[in-house]
Every structure is written in C-alpha cells, then in structure tokens.
Amino acid sequence: MKKWEEANNLKKLRKYKSDELKELTDSLRDEINEFTNQYGGHHGSQLGAVEINVALLRKFDFTKDKVTFDINNQADSYKLLTGQTLSPESHLLEVNENPIYNHWTAGHTSTALAGGLGYAKSRDLKKEKHEVISVVGDASFWSGLNMEAFLNAPALNTKMIVVLNDNDMSIEEVDGLGSRLSRHLGIKGSSNINKDIAGKDSQFEFIGPIDGNNIEELEKSFDYAKSVKEKKLIFIWAKTIKGLDKNGKVHEYTHWVLPGHKDGNLLDPRNSKMPDKAPESINGYITWYLGQMIPKRKDFIMYNPSTMLSFPNFYSLHTKYPDRVLNINIMEEFGATFGAGLALSGTKPIYYVSSTFSQRAFDQFVHDVTRMEQPMLLILDGTGLDVTFSESHQAMFDSAMFKGMPNTEIYEPLNTDEAKQIVDYFMNKVTNKLIVLRLKSQQKFNIKDKLLFNKWSYLLDYKKAEANIIAYGAMAEKMKEIIESNNLNWNLINATSIKPLDTKMLQDLSKFDLPIFTVEQEYRLNSLGAQINDYYNFSDIERIVKLIVMDNNDFNRERTREEVDKFAGLDNKSIIERIKKYL
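To convert a position in the sequence shown, counted from 1, into my numbering, add 153.
Hints are not guaranteed to be accurate.
[Stated by the list, open to error] Dumping the calculated PhoX-like pairs for lysine-lysine here, alpha-carbon to alpha-carbon at most 20 Å: (1) K312 / K373; (2) K430 / K573; (3) K633 / K601; (4) K664 / K616; (5) K699 / K631; (6) K175 / K156; (7) K451 / K430; (8) K175 / K217; (9) K426 / K384; (10) K282 / K217; (11) K473 / K426; (12) K274 / K382; (13) K556 / K652; (14) K373 / K170; (15) K582 / K451; (16) K733 / K631; (17) K633 / K664; (18) K170 / K280; (19) K733 / K699; (20) K384 / K280; (21) K573 / K601; (22) K608 / K556; (23) K373 / K168; (24) K279 / K168; (25) K274 / K384; (26) K601 / K582; (27) K631 / K719; (28) K501 / K582; (29) K473 / K451; (30) K664 / K582.
Simulated from the structure, these hints should not be mistaken for laboratory data.
Start from the sequences and build out the full structure, keeping to the hints where you can.
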C-alpha cells in the first residue's frame with residue numbers, strides 16, 4: 154500500500170511524525186507525477202500545494218469545516234487523502250459526487266473568497282461553529298471577483314481563514330503576492346503569528362510570510378487562526394514552490410503539462426519560438442501573421458489574460474515586443490474595457506482569450522465595446538465542445554452571448570486563408586464593430602479551397618442531392634469527410650460567417666425542394682440553425698431547418714473526442730442517422 158493510501162485514514166494521518174510526513178508528501182508527489190505523466194493536466198500548482206493540504210487535513214475536520222479551493226488545480230493531494238481518485242475526466246472537487254469533503258467546485262479562477270464568505274455568513278446565521286477556509290493563489294487574489302469579496306468582507310462581519318498560496322506564478326509568471334501586498338496594502342508581513350499586522354482594530358489579520366512547504370509552520374498558523382474569536386478574515390501568507398518534486402528540485406513553467414512530461418514534454422513558453430514559415434494550425438497562423446505586421450504597423454496592440462500558452466507563438470511575441478503584446482493577468486473584464494479605451498484613442502485592440510473565460514466580460518463587451526461602436530478583434534480559443542478541459546471549460550455559450558449584441562460579427566474560419574481574410578478585414582476596414590473570431594484548440598484543417606469569409610459557399614455540390622447541409626469550422630470539415638466516405642448525396646455549404654447570415658444563400662436554398670440541415674457543436678437555442686429559422690420566419694419564407702445539434706442541454710463531462718461526440722449525438726453514426734430520419 155502506498156503511503157498516501159494509508160493516510161486515507163485521517164485519524165492515522167493526524168498521528169504521523171515528521172519522518173512519516175516526509176514519506177507521505179513524497180508519495181503524494183509521486184502519484185501526481187504519475188497521473189499527469191499519463192494524462193497531462195495541471196501540475197506545478199498541485200506539487201506546490203501538497204504540504205498545505207496535508208496540514209489542512211491534520212488540523213481541520215472537513216466533515217464539519219468547509220474549504221473552498223481557488224481553483225481546484227491546487228487540490229489533487231486533498232482529493233487523494235480524502236479517498237477520492239484522480240480522474241482524466243475532471244480535476245474538480247465535484248460537490249455533487251462527494252458532498253462530505255467537497256464543498257466547492259471551481260474550474261474558473263477567483264471564486265473561492267466569495268464562495269467561502271457565503272459559507273461563513275450562512276454558518277453565522279444558523280449559529281453553527283465550524284471553520285471556513287479558502288485556499289487562494291497569488292495571481293487569482295488580485296482578480297476582480299476576489300477583490301470584490303475582499304472589499305466586502307468587513308461589511309459581512311464574519312470570520313474566515315484564507316490561505317494565500319503564493320508561488321509567484323499563474324499560468325505564466327506574475328508579480329509575486331508579497332511585493333504587491335507591500336506596495337498596495339502597506340503590509341510587510343511577519344512570521345510572528347501572535348501579531349496582528351493590520352492593527353488590532355482591523356477586520357483583516359495577516360500571518361506570514363511562512364514556508365508553505367513546511368508542515369510544522371503551516372500547522373502552527375492554522376492552530377492560531379482557529380483560536381481567533383473575532384469576526385475577521387485571517388490571511389495566512391504561505392510561500393510555496395511551484396513544481397517542487399520530492400527531491401527538492403524545482404521544475405519551472407509546469408502549470409500545465411502534456412502526457413509524457415517525464416521525458417521533457419513540458420509546455421515551457423521559453424521554448425516557444427516564432428516559426429519562419431506559416432504554421433498549419435489556424436490559431437498558430439493568426440498569431441504568426443499578426444507578428445509579421447508588428448514592425449510594419451503601429452496602430453494595434455495584442456493582449457491576453459494570462460493564458461498565453463493556449464495561443465501558439467504568443468509568448469515569443471510578448472517577449473520580443475513587450476509594449477505591443479501584453480499579459481494583462483487574470484482580468485477578463487478589464488481586457489474588454491481596456492480595449493474600448495485603446496479603440497477610442499485610435500489603437501486597434503486584438504484581444505486573445507479562451508472562449509470559456511470571455512463569459513466573465515459579458516457586460517463590458519455590451520456596454521463598453523459594442524454600445525460605443527468601437528472596433529475590437531476578439532480571438533476566442535477552445536470554442537465548442539473542447540476535449541482539452543473539463544465541464545467548467547466547455548465553450549458552449551460564447552456564440553449565444555455575442556449573437557445578441559449589436560455591432561458584432563462572428564466568424565469561424567475553415568482554413569488559414571479564411572483566417573487571414575478576417576484579420577485583414579478587421580485591420581483595414583472595420584471601424585465600429587466587434588469582430589469575434591472563433592477557433593478550436595490547435596485545429597488543423599485539410600480543406601484548402603479558396604473561400605470568401607463573408608460569403609457562404611458549396612464545399613460539395615451534387616446534381617442529384619438529397620439534402621443541403623450547412624456547417625462551419627471543424628464541423629464543416631467533419632461533414633465533408635462523413636459525406637464523401639459514406640457516398641452520400643448531400644450538398645455541403647460552408648458558413649464561416651455565423652453573424653451576419655448570408656441571406657442571399659438562404660433565399661436561394663429555400664427555393665430548392667430539398668431539406669435543409671445545420672450540423673453544429675451548439676445547444677439548440679444557441680445554434681445557427683435556430684438563427685436561420687428565425688430569419689425564415691421573419692422573412693415569411695415557409696421553410697424549417699432541421700437542427701443537428703447537441704441532443705441535451707447539459708454540461709459535457711466527457712474527455713475523449715469519441716465520448717464527447719457521442720454524448721452530444723454528434724458522432725459520425727449519430728449524425729447520419731439523425732439526418733436520414735428526415736429524408
């Protein structure tokens with residue numbers, strides 16, 4: 154039996170001496186390493202937080218006490234020690250699966266303080282006695298939602314313990330928590346756990362910095378925090394080493410690793426070099442193409458909220474042109490409004506952000522960008538049913554979000570030529586619109602047809618066709634393969650322009666006595682097909698488009714491409730069966 158398996162017995166864990174604790178933390182790091190070596194995933198932050206989780210479980214009883222992790226990529230060792238398994242389907246602490254030990258499910262950052270304060274205030278209302286602990290990273294502490302919680306805490310008049318896991322890293326490097334605390338809050342910190350750094354009348358108390366990889370120091374701090382009776386936030390500032398292995402070696406840039414990382418398969422942005430030739434992937438190509446423009450044009454700025462690794466070549470551009478290619482940290486709402494300010498002053502903003510994170514800036518896109526009719530190129534990565542991440546990162550909502558906004562156009566290119574056209578269109582012609590460019594993670598397309606990005610066109614056109622199929626992006630390529638490999642007489646129309654619709658093509662299609670289908674990685678109400686039906690209805694055209702979209706309105710919890718497609722009813726077999734049912 155491995156040491157971490159033996160420690161599933163928390164009563165036994167609480168009796169371990171220092172040599173057994175060292176054996177345990179080594180065992181946990183081995184297990185996390187083996188898991189990420191096989192499946193990839195969040196890595197460095199998991200290794201750095203091992204001692205924090207061991208100390209938490211020795212000093213608190215989480216069948217009664219509550220803990221919120223921000224985000225759950227600090228919690229694998231907690232998961233193992235509470236009898237749960239690490240799963241490639243999800244790194245998350247699923248509340249619905251294990252409500253005894255899992256109190257908060259977070260895939261998006263910066264939610265732990267607000268959620269923890271909710272737990273604490275509810276405890277006070279019900280006159281309960283348990284502790285509430287939030288574990289927050291140094292990068293996410295400064296983001297908007299955590300700052301809102303921090304500023305609201307005094308008015309809430311409640312007690313909560315906050316463990317600040319400070320490893321000077323986010324998804325990329327960030328300014329460390331210590332220097333920011335010193336500069337912005339006037340707090341120098343102290344290892345004297347009996348001293349209230351912020352003053353005796355304050356509703357905040359800061360302990361540290363302490364060694365976050367030293368269980369004894371952590372436990373002393375936790376004991377003191379438990380002894381505090383006043384209603385205040387007690388911050389335990391724990392300096393940890395991200396990527397620390399059991400031999401004390403530090404592996405930098407290991408926020409997210411690929412399978413086989415033991416063989417050096419690390420996503421180290423310092424290894425990112427701008428290629429001489431245009432990349433084959435669309436998102437890699439776009440960054441490369443814009444990089445070619447930077448020395449020639451001074452009228453645009455590219456920026457990203459600490460997810461540069463999602464966009465090939467972005468980091469190398471950031472290093473080469475730090476004033477033109479920016480990391481704005483984990484501040485998606487800021488990114489939208491910042492872009493509006495750039496645009497109003499004559500500089501075109503090009504905002505790179507993962508689709509799932511763009512959801513956070515809905516109001517800023519509406520109020521600050523589209524309402525003021527400002528130009529912005531928004532490049533969304535990982536759109537649709539993305540298999541890279543868990544259900545918290547499924548990008549099924551961005552198209553619905555942007556379809557309803559005025560002064561907005563949405564495109565999903567089929568190849569790099571279309572992508573280039575869209576970038577040129579924004580750079581040279583757009584003066585008052587938000588242009589949304591939807592991309593799949595690392596998608597490479599084999600269709601090389603010369604297409605116009607703003608006009609729908611036939612990819613397949615049969616004389617004796619039985620149906621007209623409309624698709625875009627990855628689904629257009631998939632449908633082409635399905636139709637050709639199964640000898641199906643179905644016309645295929647590529648609809649790169651999701652908004653605006655190609656109304657001329659739709660009017661032409663309505664005149665043929667052929668059923669019309671859309672095939673999309675979308676929920677029914679969000680789909681292009683629903684949009685087309687609305688257009689036909691509004692135009693008094695008596696046609697109804699059949700929607701081959703997600704069968705259910707649920708969050709996808711599958712991880713392989715095959716499982717995801719089957720879950721959505723969009724695997725090859727299901728698509729053919731669903732279309733043939735209407736023929």
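Hints breached by this structure: 7, 8, 9, 17, 18, 24, 26, 30
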